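With these hints in hand, go ahead and build the complete structure from the sequences.
4 protein chains.
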Amino acid sequence: MIIVLRSDATEKQVKHIIDRVKKLGLKPMVSRGIERTIIGVIGEEDVLRVQPLEVFPGVDRVMPVLAPYKLVSREFKSEKTVVSVGGVKIGAKKVAVMAGPCSIESYDQLFKIAKAVKKAGASLLRGGAFKPRTSPYAFQGLGEEGLKYLHQAGKEVGMPVVTELMDTRDLGAVERYADMIQIGARNMQNFDLLKEVGLSKKPVLLKRGMMSTIKEWLMSAEYILANGNFNVVLCERGIRTFEDATRFTLDLSAVPMVKKLSHLPVIADPSHATGKWGLVGPMAKAAVACGSDGLIIEVHTNPEEAFSDGTQSLVPSRFGTMMKELKKVAKSVGRDI
Amino acid sequence: MIIVLRSDATEKQVKHIIDRVKKLGLKPMVSRGIERTIIGVIGEEDVLRVQPLEVFPGVDRVMPVLAPYKLVSREFKSEKTVVSVGGVKIGAKKVAVMAGPCSIESYDQLFKIAKAVKKAGASLLRGGAFKPRTSPYAFQGLGEEGLKYLHQAGKEVGMPVVTELMDTRDLGAVERYADMIQIGARNMQNFDLLKEVGLSKKPVLLKRGMMSTIKEWLMSAEYILANGNFNVVLCERGIRTFEDATRFTLDLSAVPMVKKLSHLPVIADPSHATGKWGLVGPMAKAAVACGSDGLIIEVHTNPEEAFSDGTQSLVPSRFGTMMKELKKVAKSVGRDI
Amino acid sequence: MIIVLRSDATEKQVKHIIDRVKKLGLKPMVSRGIERTIIGVIGEEDVLRVQPLEVFPGVDRVMPVLAPYKLVSREFKSEKTVVSVGGVKIGAKKVAVMAGPCSIESYDQLFKIAKAVKKAGASLLRGGAFKPRTSPYAFQGLGEEGLKYLHQAGKEVGMPVVTELMDTRDLGAVERYADMIQIGARNMQNFDLLKEVGLSKKPVLLKRGMMSTIKEWLMSAEYILANGNFNVVLCERGIRTFEDATRFTLDLSAVPMVKKLSHLPVIADPSHATGKWGLVGPMAKAAVACGSDGLIIEVHTNPEEAFSDGTQSLVPSRFGTMMKELKKVAKSVGRDI
Amino acid sequence: MIIVLRSDATEKQVKHIIDRVKKLGLKPMVSRGIERTIIGVIGEEDVLRVQPLEVFPGVDRVMPVLAPYKLVSREFKSEKTVVSVGGVKIGAKKVAVMAGPCSIESYDQLFKIAKAVKKAGASLLRGGAFKPRTSPYAFQGLGEEGLKYLHQAGKEVGMPVVTELMDTRDLGAVERYADMIQIGARNMQNFDLLKEVGLSKKPVLLKRGMMSTIKEWLMSAEYILANGNFNVVLCERGIRTFEDATRFTLDLSAVPMVKKLSHLPVIADPSHATGKWGLVGPMAKAAVACGSDGLIIEVHTNPEEAFSDGTQSLVPSRFGTMMKELKKVAKSVGRDI
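Going line by line, the protein sequences match chains U, V, W and S.
Residues in the first sequence are numbered consecutively from 1, following the working numbering.
Residues in the second sequence are numbered consecutively from 1, following the working numbering.
Residues in the third sequence are numbered consecutively from 1, following the working numbering.
Residues in the fourth sequence are numbered consecutively from 1, following the working numbering.
Hints were generated in silico from the structure; no laboratory data involved.
Please read these numbers as outputs of a predicted model, since none were measured by experiment.
Hints may contain errors.
Since copy identity is lost for identical chains, a pair holds within one copy or between any two.
[Said to hold, decoys possible] For lysine-lysine, the following DSBU-like pairs were computed, each having C-alpha atoms within a straight-line distance of at most 35 Å:
id	residue 1	residue 2
1	Lys23	Lys260
2	Lys23	Lys80
3	Lys276	Lys89
4	Lys112	Lys22
5	Lys328	Lys118
6	Lys12	Lys148
7	Lys89	Lys118
8	Lys276	Lys77
9	Lys276	Lys155
10	Lys328	Lys93
11	Lys115	Lys215
12	Lys23	Lys115
13	Lys115	Lys12
14	Lys112	Lys260
15	Lys148	Lys15
16	Lys22	Lys115
17	Lys23	Lys118
18	Lys148	Lys23
This is the structure in structure tokens:
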């Protein structure tokens with residue numbers, strides 16, 4: 001059972017509820033978020049059924065634990081969530097496009113790309129400072145230096161910025177410089193990291209693990225909401241299958257499926273999923289056609305010399321052409337871009 | 001090495017080439033199709049390099065065996081193939097929609113659905129008479145009786161018909177009653193069946209195996225073309241992955257990928273792939289947006305009582321609504337429907 | 001509901017039961033096997049509950065349709081089945097080893113290998129005459145000529161022989177020359193083929209499809225039993241996963257799982273599964289350790305020049321060494337080899 | 001290129017090498033481990049080929065970057081590594097068995113199980129204090145309190161202990177109380193965590209990610225070795241596939257494959273992989289038969305009431321029986337247990 005407290009619940013009210021739960025022989029799990037506190041209850045819940053917990057002072061709502069995810073579900077909140085990132089809305093009529101290089105390599109590189117994608121119609125600037133790389137000998141990102149470049153470039157061109165957080169110890173730095181925190185596919189079940197960003201005030205972009213079911217993905221989002229941060233955007237980025245013609249298999253059916261199960265916005269990453277720049281345009285169109293609230297696209301001015309993921313990056317001119325084509329597709333399904 | 005003979009090559013010319021190939025210590029594999037004969041050559045091909053086979057009488061072209069598939073590749077034929085099924089073109093500007101019930105249950109049921117889908121804009125009528133069922137105790141289809149119903153219903157409403165062939169022994173019956181022969185996912189590597197439909201004059205709809213790579217799929221198409229039948233349409237129908245929220249995972253990136261590798265038309269089956277009627281519309285839109293040349297959709301007037309696959313069937317009214325929405329998406333990518 | 005008739009049920013008794021089933025508004029599906037007739041019943045079974053079908057003359061037993069497979073299940077038959085192939089028992093204390101080349105290339109090649117594997121302790125000779133090949137240009141097998149070689153070599157060295165059947169039209173030839181009919185992974189859901197071998201008197205080796213769940217595999221076996229042939233041996237040969245270090249992923253947990261669910265014997269194929277001769281020995285040992293009733297191993301005197309699957313074939317000397325090591329493992333789990 | 005320095009290399013020597021690498025226009029990546037420093041070199045390595053780096057003072061060996069993993073490879077170290085955990089050797093003749101509950105629930109529970117598994121022949125005690133749980137509302141482990149219980153129970157019965165570390169911030173606590181640090185499947189690509197345990201002096205048990213190839217797994221081990229910690233044991237624990245009869249698919253072919261590619265010991269986890277206690281025994285035997293250097297087994301005195309993973313836990317008596325059977329299998333392949 002999940003007890004969601006009102007945002008104005010007092011500490012005394014919280015304590016009172018916890019005491020009652022314990023007295024009934026149950027184990028309360030308290031998640032104190034910035035905006036509200038949530039209490040998960042573990043044990044034989046039958047004893048709670050006779051307790052009118054809903055009328056306790058400070059309680060907003062009580063949810064039975066039938067579905068494994070609660071706060072992310074459409075049952076909990078039927079209207080669609082719109083997440084605002086530095087003023088850019090994700091989940092509204094306009095399809096939000098995040099674009100930029102895979103890795104931040106230098107300020108010049110980043111600024112050049114930022115200007116180009118802004119001009120072509122992108123809403124947010126993406127770029128990696130902490131890079132999860134399979135090999136310890138591969139370029140690991142510029143770290144905090146890269147974050148500063150990202151912040152600066154975003155300010156310069158007038159775009160909010162999103163970047164990946166890999167370790168709880170770097171949360172402060174990422175919060176300082178970024179408008180949105182990305183949790184990468186490999187960390188989708190790094191539960192300590194999820195708890196920490198759940199305590200942050202920054203919106204979170206939660207990528208689906210390459211081998212995670214939709215249910216597990218929503219459960220990971222639940223970790224963030226259960227810690228008080230309701231500004232979560234989901235991102236389908238391809239799952240691992242037997243097919244090796246593409247880098248991963250973009251599971252676009254996850255887009256309408258997630259929208260049915262959850263109120264959270266969902267976007268797609270055709271660059272990582274396909275691993276081939278020639279497929280990015282077609283799959284971006286497909287994503288918008290089936291209801292994606294946004295896209296995240298890798299753009300590089302010089303893909304052959306990119307420090308990472310060159311083969312899947314679009315040059316700015318192709319990105320511009322794609323944006324024009326996407327406008328038509330978005331319009332055909334009642335969206336803007 | 002593949003030696004493609006001219007369609008007017010004489011038996012004597014064929015024999016002459018075979019003799020030369022054997023004399024060089026190589027093994028010729030002769031595929032005699034209705035329209036042309038193709039000779040595959042196995043062995044140390046180096047000895048062939050010095051032989052000007054192209055100038056031999058009867059030879060149309062000689063292809064080295066670098067890519068595993070030859071006749072289906074864009075290298076072999078750069079212009080897109082348009083397959084005509086009873087006058088309906090697949091692979092042209094207009095997106096071809098095949099619709100109908102999963103199983104043919106009775107003439108009345110079939111005729112009612114046929115009229116409805118025709119009215120909503122479908123181009124071809126689909127319906128199964130031989131059903132591949134996991135359980136021997138499940139409904140196995142009406143067999144030849146079903147084929148007759150299909151033929152009759154198609155004639156009545158004015159639509160060419162497509163149906164699945166499962167066994168080489170039924171080819172004659174299917175050829176008699178259907179305009180297009182479907183090879184199902186479970187038979188994608190039933191090589192004897194592929195050879196037989198390769199010798200048929202009817203166009204073939206080749207579904208991708210649920211666990212087959214794009215390369216294997218194209219190789220199976222190659223079996224059909226190598227036996228002389230060049231009228232093949234490919235159909236992406238979902239691959240098997242770890243995700244169980246959907247019945248299969250529709251691999252839409254296969255659509256632009258196949259179009260890059262092959263000249264053959266490719267369509268998508270969002271009904272079987274998702275297994276959920278609520279996802280059919282969004283995924284149909286996505287398929288059209290990324291370049292699909294057609295769709296195959298299950299429609300049933302009474303899904304709850306369908307003999308098979310009820311949960312993924314659209315009722316005719318929803319099919320009609322979807323067709324209207326698809327028109328806009330098709331237009332946005334320069335197609336009609 | 002499944003009605004299993006007694007082996008001595010008369011045609012009149014069968015007809016009587018069918019009439020009663022129809023009168024109740026249900027659809028009977030009659031499978032007439034060589035040894036007994038089985039009637040599957042489709043429809044609202046509740047009406048049957050009040051009918052004491054078990055007491056009808058000719059009825060052996062009536063089974064409710066809770067589990068999807070009936071005749072292959074442990075509930076239907078609690079004692080383990082032992083299948084006899086030309087006198088060699090599969091499913092008994094002794095682990096049965098089938099060995100031989102992937103493809104039959106010539107009588108000399110086959111005979112040499114047959115002698116070697118017989119000497120090393122193999123019980124059955126395997127060899128492919130009809131070869132399912134991904135490419136139409138690859139060696140397709142010697143066909144009936146190969147079957148004759150196989151029959152002859154088996155007679156010469158004194159081993160029963162097993163070979164793959166790919167098409168219903170070849171059943172007669174395979175029955176003539178082989179002691180056991182193999183259904184390959186790609187044909188595990190070729191339901192017409194399953195029905196045909198279900199009508200045959202020859203034992204069947206049913207390989208698991210590379211994309212098939214254990215449940216689907218047992219359902220395919222059910223097709224064979226439901227048509228009257230109870231002499232089925234299952235073979236785990238690797239499933240397709242994302243891992244590409246091995247050709248397939250040998251799912252050894254399927255061995256104890258199948259033995260729990262079914263009374264049928266189950267063997268393993270480490271050659272096809274791993275695709276690497278260096279892994280065949282370790283995985284053969286693992287298979288025996290977890291309860292496999294047999295093994296099927298590719299052996300070739302000259303793997304580098306094999307017409308197919310050379311990289312996974314053992315030379316006879318390595319096969320001999322492996323057999324010696326397997327003896328110890330078999331003994332450690334209470335088996336012989 | 002990887003430059004492995006001698007363990008007695010001075011800071012001055014390190015600096016000198018770094019300077020030379022930079023002067024050549026390359027990017028040095030320095031990993032300063034407890035025992036030795038390793039320098040990865042990124043950039044156009046051709047310029048290095050003419051530099052006799054091997055003769056520089058402080059350099060132990062220079063390795064070209066052909067294979068993606070260096071330090072874990074058999075090329076780097078041909079003899080098998082034996083990792084000592086509190087005196088227990090892993091990778092030697094004796095198969096090491098780690099056993100204990102999934103979660104530490106109380107001292108009493110833990111102590112009771114510890115005594116039982118020790119008596120049955122286990123060498124190490126396992127137990128989770130930090131639990132990675134899909135749901136934020138599931139039991140998350142006792143945290144540091146659990147670590148203390150584990151330490152105490154291990155001391156009491158005389159067994160070294162192993163437990164999972166999930167977050168870099170908890171490394172100190174885990175190092176204080178445990179003899180071996182486990183990195184769970186979900187954190188196999190938590191690269192910051194890998195770097196931190198690479199700097200630790202404690203041996204590491206690195207589980208394979210459920211979605212990771214063998215190559216990626218070895219690359220993650222490389223992160224640990226590249227940071228100076230060479231005491232790594234690999235653990236195959238099942239990969240995610242389409243099969244749902246078991247929780248995961250235990251990929252036992254990974255055991256002989258890893259032993260061929262790497263000098264590191266490898267063990268298997270049949271409990272997590274199968275998710276069914278009835279399959280643990282057969283798969284443990286299979287693992288030992290194909291060369292596994294150890295096993296990790298879940299044991300619980302009261303599986304029905306376990307806080308986590310009850311269905312896959314053995315009761316102590318079954319564990320005892322299994323250990324006796326395993327002794328025979330171990331002996332049959334020249335090992336002890």
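Q.
Going through the numbered hints above, which ones does this structure break? Give me the numbers in ascending order.
A. 1, 2, 11, 13 and 17
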